[in-house]
Amino acid sequence: VRNGSRLGATVLGVSAFLALALSSPMARARGCHEVSDIVGYEHCTRFGGQWAVDGLPRIFVGLELIHSEMALRGRSVDAYVTSGTSTATFDGSALGVRSFSTTGGKVRIGGYLFGPLYAGVGLGVGLGTNRFESFQVNRTLLTSSGGINTGGEVWSGLLGVRVPLGRLSLRVEGDVSWVPFCVSGANGGVCLTPGVLEPRAALDVWATPHLTMSLFGGIDALHPNEPSTLGISMEFHTRSFDGAFALW
Amino acid sequence: MDHGLLWWVLMDRSRAWGFALAWSMAVVLPACPGVAATPWDHWPDERVRAVRRLGCAELGFAVGRDSRIPDRSLLLDLGVRNHCVRPAPFDANALQFVGYDANRGTSCPLTIYDPRDEIRPTQIDAENESVERIRLDPPGGSLATITSVCVDTSRVSPEAAQAAPAPVCVEVSP
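First to last, the sequence lines map onto chains A and B.
All residue numbers for the first sequence refer to this note's numbering, where the first residue is 1 and numbers rise by one.
All residue numbers for the second sequence refer to this note's numbering, where the first residue is 1001 and numbers rise by one.
Some clues are possibly wrong.
[Stated by the list, open to error] Restraint ranges, calculated between C-beta atoms of paired labels, are given here:
hint, chain 1, residue 1, chain 2, residue 2, range
1, B, Pro-1139, A, Met-234, 48 to 54 Å
2, A, Glu-34, B, Asp-1101, 42 to 48 Å
3, B, Gly-1064, A, Met-234, 36 to 42 Å
4, B, Glu-1171, A, Leu-247, 45 to 51 Å
5, B, Thr-1147, A, Glu-34, 30 to 36 Å
6, B, Asp-1091, A, Gly-157, 36 to 42 Å
7, B, Asp-1117, A, Glu-34, 43 to 49 Å
8, A, Glu-34, B, Arg-1065, 31 to 37 Å
9, B, Thr-1147, A, Ser-36, 22 to 28 Å
10, B, Arg-1049, A, Gly-174, 35 to 41 Å
11, B, Asp-1117, A, Leu-113, 50 to 56 Å
[Stated by the list, open to error] Just some of the chain A residues that point at chain B, by a computed CB distance under 8 Å:
hint, residue
12, Arg-46
13, Asp-54
14, Pro-57
[As the list claims (entries may be wrong)] The following residues of chain A were derived to be distant from chain B, with all beta-carbon distances above 10 Å:
hint, residue
15, Gly-31
16, Ser-36
17, Ile-38
18, Gln-50
19, Ala-52
20, Val-53
21, Thr-85
22, Asn-138
23, Val-163
24, Gly-166
Since the hints were made in silico from the structure, they are not lab data.
Cβ coordinates follow ideal geometry from the N, Cα and C atoms, glycine included.
Full structure from sequences and hints, please.
This is the structure:
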């Protein structure tokens, strides 16, 4: 799979994910016409539907803006040639650069399992401009191109713990990602399909009882000496303060 | 660690400014009026004038007539608000309503119309609020002469039971 088609597929995937995440409220809004605001006469809503907690799961849906650095040392890189079937596989350190970077967005959705423990999944895309030292694959010279030449996707699962601190909260989570991406160049390019295990820390500010703005950072557990991820996010929560405002 | 995240951010001026701006927005935005803090925009409105604070919960009441319900029934606007950052228990079924005529000579207990058994003991979400509209029915006869309704709120929650509040009385609006 080459860069363009992969990116297209990723955008489609993210769109489908977003559509799925947003489909139920939209469907409800379209499919049910409310006829009254009086209890017992309402068709679409029930008493307490706007404010009662009972039975309401603790779910969150968020959008992250992320800048990621993918360290290349120790990672397997596949080089491909556009005009043929030639490929080569080698260690990323041979590319002559320390890391590839991408900037992009990710949608994530999750819920609390019990107490402060939550789990979720995420799907996103990343773009970037990266360079690598020119090299040959079967007599074809590969050189990196200018402009936005990097496209990839992010599939992730996460498990974390939230510490409520009033209007702030601190989160520590483990993020397991599969991050296939390619850097295209003249005559071909290079692709990576790395798995990343990333411990993350995040600081949330509750803008409203149902909305958080967060700053987060993560370190690739397999490359702890390299910068990995930094980002901001905005998240909607079904329960006020995720059900807990303070530790006590 | 030879290169930390802080170094990575600071090594590029535009990246550093970008993140600083984004994070400042995240912190400053919640402080802007109308953006953060709980807006309390559902009530009290002009309908819900009589309010009673019961610990974390605050209830507001207004009673009137409405062409969408039977003539003999009344329509209650019940404002529900939780001032605390934790859920507050609330049982609307424990509200007790009594209607009175103009000179308070005649009284009549009123019951909540709840054909689907929706109203159950629940908890008001933290810093949340809403208004529910509920039909009140007399056990029999007409309420045409009823001009005010008093509400006993003392049993809606453990906090209310402790506070033992006096009944809230509201005039029936036309």
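Going through the hints against the structure:
1. B:Pro-1139 with A:Met-234: 48 to 54 Å: holds (52 Å)
2. A:Glu-34 with B:Asp-1101: 42 to 48 Å: Since Glu-34 of chain A and Asp-1101 of chain B have Cβ atoms about 35 Å apart, the given range 42 to 48 Å is violated.
3. B:Gly-1064 with A:Met-234: 36 to 42 Å: holds (41 Å)
4. B:Glu-1171 with A:Leu-247: 45 to 51 Å: Since the Cβ atoms of Glu-1171 of chain B and Leu-247 of chain A sit about 46 Å apart, the hinted range of 45 to 51 Å holds.
5. B:Thr-1147 with A:Glu-34: 30 to 36 Å: holds (32 Å)
6. B:Asp-1091 with A:Gly-157: 36 to 42 Å: holds (40 Å)
7. B:Asp-1117 with A:Glu-34: 43 to 49 Å: Because 20 Å falls outside the window, the suggested range is violated.
8. A:Glu-34 with B:Arg-1065: 31 to 37 Å: violated (22 Å)
9. B:Thr-1147 with A:Ser-36: 22 to 28 Å: Given range 22 to 28 Å: holds, Cβ gap about 26 Å.
10. B:Arg-1049 with A:Gly-174: 35 to 41 Å: Given about 52 Å between the Cβ atoms, the range is violated.
11. B:Asp-1117 with A:Leu-113: 50 to 56 Å: 31 Å Cβ-Cβ, so the 50 to 56 Å window is violated.
12. Arg-46: holds (5 Å)
13. Asp-54: Where the cut-off is 8 Å and the nearest Cβ of chain B is about 5 Å from Asp-54 of chain A, the hint holds.
14. Pro-57: violated (13 Å)
15. Gly-31: holds (20 Å)
16. Ser-36: For Ser-36 of chain A, whose nearest Cβ neighbour in chain B is about 7 Å away, the distance does not exceed 10 Å, so it is violated.
17. Ile-38: violated (5 Å)
18. Gln-50: violated (4 Å)
19. Ala-52: violated (4 Å)
20. Val-53: violated (4 Å)
21. Thr-85: holds (38 Å)
22. Asn-138: Given a closest Cβ separation of 36 Å, the condition holds.
23. Val-163: The claim holds: Val-163 of chain A sits with its nearest Cβ about 15 Å from chain B, beyond 10 Å.
24. Gly-166: Non-interface label fails for Gly-166 of chain A: nearest chain B Cβ at 8 Å, not farther than 10 Å.
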